[in-house]
Amino acid sequence: DTAVSQTPKYLVTQMGNDKSIKCEQNLGHDTMYWYKQDSKKFLKIMFSYNNKELIINETVPNRFSPKSPDKAHLNLHINSLELGDSAVYFCASSPLDRGFVGELFFGEGSRLTVL
Amino acid sequence: GNSVTQMEGPVTLSEEAFLTINCTYTATGYPSLFWYVQYPGEGLQLLLKATKADDKGSNKGFEATYRKETTSFHLEKGSVQVSDSAVYFCALSDEGGGADGLTFGKGTHLIIQP
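If you read the protein sequences in the order shown, they are chains X and W. Position 115 (the first sequence) corresponds to 115 in the numbering used here; numbering is contiguous. Position 36 (the second sequence) corresponds to 36 in the numbering used here; numbering is contiguous.
The set of hints was computed from the structure by calculation and includes no laboratory data. Note that the structure is predicted; figures quoted are calculated from it, not measured. All C-beta atoms, glycine included, are put in the ideal place defined by N, C-alpha and C. Incorrect hints may appear among the rest.
Partial list, computed: chain X residues near chain W (C-beta under 7 angstroms) [what the hints assert, rightly or not]:
id, residue
1, Tyr10
2, Leu11
3, Glu24
4, Asp38
5, Leu43
6, Ser48
7, Pro61
8, Phe64
9, Phe90
10, Phe106
11, Gly107
12, Arg111
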């Protein structure tokens, strides 16, 4: 069984559209994250959720909204897509929110291409 | 804020060569340090970690030692294989733990030629 799974793996869409990427983890972890990886492979954290509570929201446009229906899921919804949103988006999870050395478990990524 | 600096790639080596990928960091307190590896078309996987000064993390023949005096966590392997070709990320975690996520370096693309 895949520990952290994302769908879709590839997404091609037009500017101005709204799209969602889903993420599920079956590890029983408490915290989930979304990272954005640009064309140069640079990784930047976008959000983290702990027990359905947003913990971090870095300088991400409000067109991006994370939605967590339960502890095992953290979906990423993007409104009014722009060319600069083209990237690979990674979902990740970790077991505890404090006192843990911070190991993350990553999904395989979702490649978003905005035309 | 925290930051991680890695050597720029791509790094191209022949099979069985010795590998060093440099990593230095800036952080307050005592962060935990990690190396992650990303194979083509896949997500990141933890390669090794160290949680305090002078700790050595090791896995699959790779090693890295947490050097607080030089704020470094260089990755080494004595004899690389073609299958080691991947992108390697150095990362750190605040003392507070995982809820703040990891701060990653920009990644080093390693290419091993037969």
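Tested hints:
Interface hint at X:Tyr10: violated, since its Cβ lies 11 angstroms from the closest Cβ of chain W, which is beyond the 7 angstroms cut-off. The beta carbon of X:Leu11 comes no nearer than 15 angstroms to any beta carbon in chain W, farther than 7 angstroms, and the hint placing it at the interface is violated. Restraint check, X:Glu24 versus chain W: the minimum CB separation of about 14 angstroms is more than 7 angstroms; hint violated. Because the smallest distance between the Cβ of X:Asp38 and any Cβ of chain W comes to about 10 angstroms, over 7 angstroms, the interface hint for this residue is violated.
Proximity of X:Leu43 to chain W holds as hinted, the smallest CB-CB distance being about 4 angstroms (cut-off 7 angstroms). The interface hint given for X:Ser48 holds, since its Cβ lies 5 angstroms from the closest Cβ of chain W, which is under the 7 angstroms cut-off. With a cut of 7 angstroms, the hint placing X:Pro61 at the interface with chain W is violated, because the nearest CB-to-CB distance is about 18 angstroms. Against a cut-off of 7 angstroms between C-beta atoms, the interface hint on X:Phe64 is violated, since the closest Cβ of chain W lies about 16 angstroms away.
Because the smallest distance between the Cβ of X:Phe90 and any Cβ of chain W comes to about 6 angstroms, under 7 angstroms, the interface hint for this residue holds. Here the hint on X:Phe106 is kept, as its CB sits about 4 angstroms from the closest CB of chain W, short of 7 angstroms. Taking 7 angstroms as the C-beta contact cut-off toward chain W, the hint placing X:Gly107 at the interface holds, the least distance being around 5 angstroms. Hint on X:Arg111 is violated. Least Cβ distance to chain W is approximately 9 angstroms, over the 7 angstroms limit.
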